[in-house]
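4 protein chains.
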Amino acid sequence: MPLKRVGILTGGGDCSGLNAVIRAVTRTAIIQYKAKVIGLENGFDGLVFGRTMGLTTRNTRDILTLGGTILGTTNKGNPFAYREFNDQGEIVVRDLSDQAMKTFRDLELDCLFVVGGEGTLELAHKFQLMGMPVVGIPKTIDNDLFGTDYTFGFQTAVQVACDAMDRLQTTGRSHDRVMILEVMGRYAGWIALEAGLAGGAHIILIPEIPYNLDYVVTKIQHRIRGGSPFSIIMVAEGACEQGGQRISQGTADNRLQGVEQLGGIGFHLAAQIRERIPLEVRTTVLGHIQRGGSPTSFDRVLGTRLGVAAVDAAARGEFGTMVALKTPDIILVPLGELAGLCRTVPVDHQLLRAAEATGVNLGRGAM
Amino acid sequence: MPLKRVGILTGGGDCSGLNAVIRAVTRTAIIQYKAKVIGLENGFDGLVFGRTMGLTTRNTRDILTLGGTILGTTNKGNPFAYREFNDQGEIVVRDLSDQAMKTFRDLELDCLFVVGGEGTLELAHKFQLMGMPVVGIPKTIDNDLFGTDYTFGFQTAVQVACDAMDRLQTTGRSHDRVMILEVMGRYAGWIALEAGLAGGAHIILIPEIPYNLDYVVTKIQHRIRGGSPFSIIMVAEGACEQGGQRISQGTADNRLQGVEQLGGIGFHLAAQIRERIPLEVRTTVLGHIQRGGSPTSFDRVLGTRLGVAAVDAAARGEFGTMVALKTPDIILVPLGELAGLCRTVPVDHQLLRAAEATGVNLGRGAM
Amino acid sequence: MPLKRVGILTGGGDCSGLNAVIRAVTRTAIIQYKAKVIGLENGFDGLVFGRTMGLTTRNTRDILTLGGTILGTTNKGNPFAYREFNDQGEIVVRDLSDQAMKTFRDLELDCLFVVGGEGTLELAHKFQLMGMPVVGIPKTIDNDLFGTDYTFGFQTAVQVACDAMDRLQTTGRSHDRVMILEVMGRYAGWIALEAGLAGGAHIILIPEIPYNLDYVVTKIQHRIRGGSPFSIIMVAEGACEQGGQRISQGTADNRLQGVEQLGGIGFHLAAQIRERIPLEVRTTVLGHIQRGGSPTSFDRVLGTRLGVAAVDAAARGEFGTMVALKTPDIILVPLGELAGLCRTVPVDHQLLRAAEATGVNLGRGAM
Amino acid sequence: MPLKRVGILTGGGDCSGLNAVIRAVTRTAIIQYKAKVIGLENGFDGLVFGRTMGLTTRNTRDILTLGGTILGTTNKGNPFAYREFNDQGEIVVRDLSDQAMKTFRDLELDCLFVVGGEGTLELAHKFQLMGMPVVGIPKTIDNDLFGTDYTFGFQTAVQVACDAMDRLQTTGRSHDRVMILEVMGRYAGWIALEAGLAGGAHIILIPEIPYNLDYVVTKIQHRIRGGSPFSIIMVAEGACEQGGQRISQGTADNRLQGVEQLGGIGFHLAAQIRERIPLEVRTTVLGHIQRGGSPTSFDRVLGTRLGVAAVDAAARGEFGTMVALKTPDIILVPLGELAGLCRTVPVDHQLLRAAEATGVNLGRGAM
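Residue numbers (numbering that gives the first Met the number 0), protein chains in the order written: chain B, 0 to 366; chain U, 0 to 366; chain Y, 0 to 366; chain C, 0 to 366.
Where hints are given, some of them may not hold.
If chains are identical, the list can't say which one is meant, so a pair holds when it fits in one copy or spans any two.
The calculated EDC-like cross-link candidates involving lysine to aspartate or glutamate, where the alpha carbons are at most 16 Å apart (straight line), are [to be verified]: (1) 125 x 86; (2) 325 x 148; (3) 3 x 97; (4) 35 x 121; (5) 3 x 61; (6) 35 x 107; (7) 101 x 175; (8) 33 x 240.
Just so you know, the hints here were simulated from the structure itself, not pulled from any lab data.
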């Protein structure tokens, strides 16, 4: 069955390279298959409420370089358990999946391309099981999705963090300071690890390896004695002390009262170190600048290839799948195989070996 | 009197472009005047304690692109009031200026080039008054020094902050969020103002204009009603609310107890806004990545020109002066004229007009 | 007389920062003066033929970061001497200025903002003399316009060329090669000079100083003998040998027959050096990447300030003027004062002193 | 047998990431194995003539961000067929491999790490066969080496070319011009292909697909008719017309007489297009800026991982091998398996599909 009308939505947190995917899906569907392309706005919300925009080669023309997503996104709307306020101001949860199915049929779509992370793709799988032909395109800035070598947006985030490290290196060195760089990664430390390696961090702390403060302090002192009275620490936002609790910016976990909300692990760690070592300690929190902005060439190529492959898969009728990078190829993976898996850093991963072999302290031993 | 041996030191906080100055001074002194160049290490400490390194065209060859300073720097050592621990562990303050003068004479220097901010240049002036021939070279990342159009390092800091803004724009827009970017500027808001203008901030808060939270909140709400449910706020670290207190990272002002130390104005403002508007608010703290790293071409040219002009001034015997940019020329300003002046943003400055005319809210009115 | 409807056009070659000007003019006119803003497309062609687009805060919202101009531009259409083909295929020249005046009146504009270089501003002046209220905004990537300290786009071009230099430095050094970087500047050498200084060029050749090949070769040989068998040459496209002719890419000057068209001064110089020195010589031609792409923060701020000041000037009725940067202020300059002046590099300019004092060879002496 | 003393050399053209490899080998050997590390200077020349430098954690400390190689490199010296001038000024070829073996023994090295491309690794293999324990580390900017997913330096080159594309896009669009970007790739088109995809090129010409000028011209005309009177062409330096000859800068192939040497395929193609279409055509030649400068984070991580894995392989006695990236792992490949293979772009590669599916013309069909 030829493709005549296809839909696409982007869900979850944003990520550099989303627009490259949208552009590639649009161009391939139009140029190769003479299909119409309908964009659903703000993730599954657009499907539930029928908010769409027509996508053309013209309105996707200049978006390859843009961060964000021209379709908008949200990480809230789950059509199977939609949360709304009722007239009494109470939150009620409703299943609006039939409404989403109806929109799909009303739009006469032959296929829906769903770009998203684990949660979004799980919803896509549910719709597939309900009879909606779906092809998934994996997206997570943290690179923690099973089944694909890399997700787009990840290398951009690493590059942004690495650029920041380069700048901290020279100022740390000139000033005999401890510089802390807090980067994204609530559960997986890939960004901190790759950017820390790339930027020459002396200490890298990731969620998968709860740190022992003694090792961190010892490393800094060891460097002082060796004539290098400055240290650069790369810390993932989800890192925590052995036996400690995660302290993240603006999340429910640490939403305590008043001033205690201020700052995350980067500031907490700074306070801990200041108590033990008489050096100035300064914290930089990269935050969302890792998510936004123009994607690196790697992510643009990856996004483009995934988009093209997704449309080709749909044209062959291979629904219920996700396109994935298995270097150097783009392959198809059944959506059902992803459920509930988060690809965190294994404690014996080659990257950890590369870090420790070159003298990086991971907070788990003397180094 | 021809220049035979000249010294150079860098004092105060670091700043992109310092190495361009060191390189230019070294090359000009050697190539034009056949002089020897002695680098004093770690600001005036190097002069007090005689810690030096010879500077040559070879060891300054590849430093034009490097952030920091190959001479090291410190913003602590004041030779006229040097703070040390005595045997009882108490801090004692001593005048070591004679010791510094002695080093200067022992090294047989004809001149000392002092690269630094207001505090460092004031010390340079004191030494000039004691008979040491001095030429000052102005340095402050905040661009708040009187007598010069721009100081090197400032444009680099603005560019770094502007790059971060560009990334926040796309992610803010895709996500309906309030994004806060906290940048340097404890007393002067030049970085926040120029980078905010360059990056298209919707709200810019600077130390010179204590903000009224109502105006900030109203602006965000106004944007929501106009169909733009995201806002980008640029805030200088020294900004504070009308009637409020400055909250800065790692400074004595806010070094209270325990968790209250975490974060600065960026997080405080986020908490304030979250209480009033049901949008997600995220904070990025650029911190020292504004100070470090490779200088922009503007700052490299400026640093080079200042360095050359300083040596030429010394060769003409024009001591007790500071080189300064009066576009398009490098001119000389008497060191004595600088004392105690900090060039903050006047409340009727053209840049503020440019901001408000294009719809930027400065926290001082409805806009 | 209050501003009700204003027009804006961009003429001449493109330049990073044009969109910052368009955005600032649009926002200021709308936000401050409640005026309508009409964009004329493709320079004066849009005025002659009445091709317009309405400009709003919405459609100028995301353009601050974009290179080029959303209005399009051309460096061909002169309404006073418009060149067209007649039915016989011959070029005929017609005066269409009345047609342009008619469009202006039909659109009921109170003022026209003309963004352009010397040629475009001269046309603006002619229209002013015919009774059209005009405010000029200076634009030239070469920074060779009289009356303003800097034009926007220039610093961006210098930064792009400086980044290229940084990359050539490391590869030249590793390989014992002569690397040539050809940059823009047909008549004025400002880009080559500033980027050459910023990038640590060993030799800088500009149009204003015809080079003597002997000095160039001697400098390279001198470096070889000193243990640095690589050299980096920055050359402006308009540079030429003493007694030689300019060789520029794609211009009438050198459009000879067949293969001779290939390449410009960068390749010519490479061939000259290869004949005299047994080193590999490689040429990079930056070309139009200096003109395009996202502007630096400096150029965005400058473009924004000029745009705001132009509208403010129009609101005060100060027509027949050009806004200009006289650091740190934006001032007004009568359009009539600019005629026929090109600001080339004076042979005794401070920047040349800075270059030669630090050992850069300018092709005019042993150094 | 524990590692006590190891050597390392870098051969062939330079490439971003070489210093990351040198740093990782040095640190791993010292920190993990307490070995001494000897750097051989200028590729195999250093081995033949015993020119060395000791490598320490200190002198490799700040090199992660630097382009080039601190050891120097050459693509000339083949110890098995060394070319020298004799007293009569004639070139004589000598086998100096025994001299190289002697240096290796005199230095009491346990292993030599050879970083290089196909030619250099072939020499490494020959020495391995003579009894020198060798581990190879693959390097080629063109990414055309068999046995490894990516070589370091490639992604950096692609990013540099992509950045240039971004700038050409905006200037091409504002000006109705054909912009040509000539990038590296004499035999393999990977850089042109990935950077072309990433940068949104309309036409990509690579060595593996001789282009038909008619298709190129038709594509440009098709775009003009569709209302986009500008086109961006990405061309690899080794691309050539069907039935035509390669025209490369500064190589023996095209070293004809006089002016004909000027320029390469980028200028040739410009001349061809200008003859057929009345648009301005401008050429940018990126040249060696693709090889130099700070590596992307991807290449720094890859270089670091390869360096660590090479030392670990040597410590296990696995000589005669090359470390290689088989995503996500670093694996070992026998050096003997590489001989004579160049990994060019297969004419049915997924990347070509991605290009054509999104409307890119490859000069081999109407598109």
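So, going through the hints one by one against the coordinates:
In this assembly of identical chains, residue 125 and residue 86 lie within 16 Å of each other by CA distance neither inside one copy nor across copies; the values are 30 Å within and 67 Å between. Proximity of residue 325 and residue 148 under a CA criterion of 16 Å is satisfied in both settings, with 6 Å inside one chain copy and 11 Å between copies. Taking identical chains as interchangeable, the C-alpha atoms of residue 3 and residue 97 are never at most 16 Å apart, the minima being 23 Å within one chain and 52 Å between chains. Proximity of residue 35 to residue 121 under the C-alpha cut-off of 16 Å is found in neither arrangement, the shortest distances being 26 Å within a copy and 49 Å between copies.
Taking identical chains as interchangeable, the C-alpha atoms of residue 3 and residue 61 are never at most 16 Å apart, the minima being 25 Å within one chain and 33 Å between chains. In this homomeric assembly, residue 35 and residue 107 come within 16 Å of each other (Cα to Cα) only inside a single copy, at 11 Å, whereas the closest approach across copies is 42 Å. For the homomeric pair residue 101 and residue 175, neither the shortest alpha-carbon distance inside one copy (63 Å) nor that between copies (27 Å) is at most 16 Å. With identical chains, the CA atoms of residue 33 and residue 240 are never at most 16 Å apart, being 56 Å at best within one copy and 31 Å at best between copies.
Checked against the numbered hints given earlier, this structure breaks hints 1, 3, 4, 5, 7 and 8; the rest are met.
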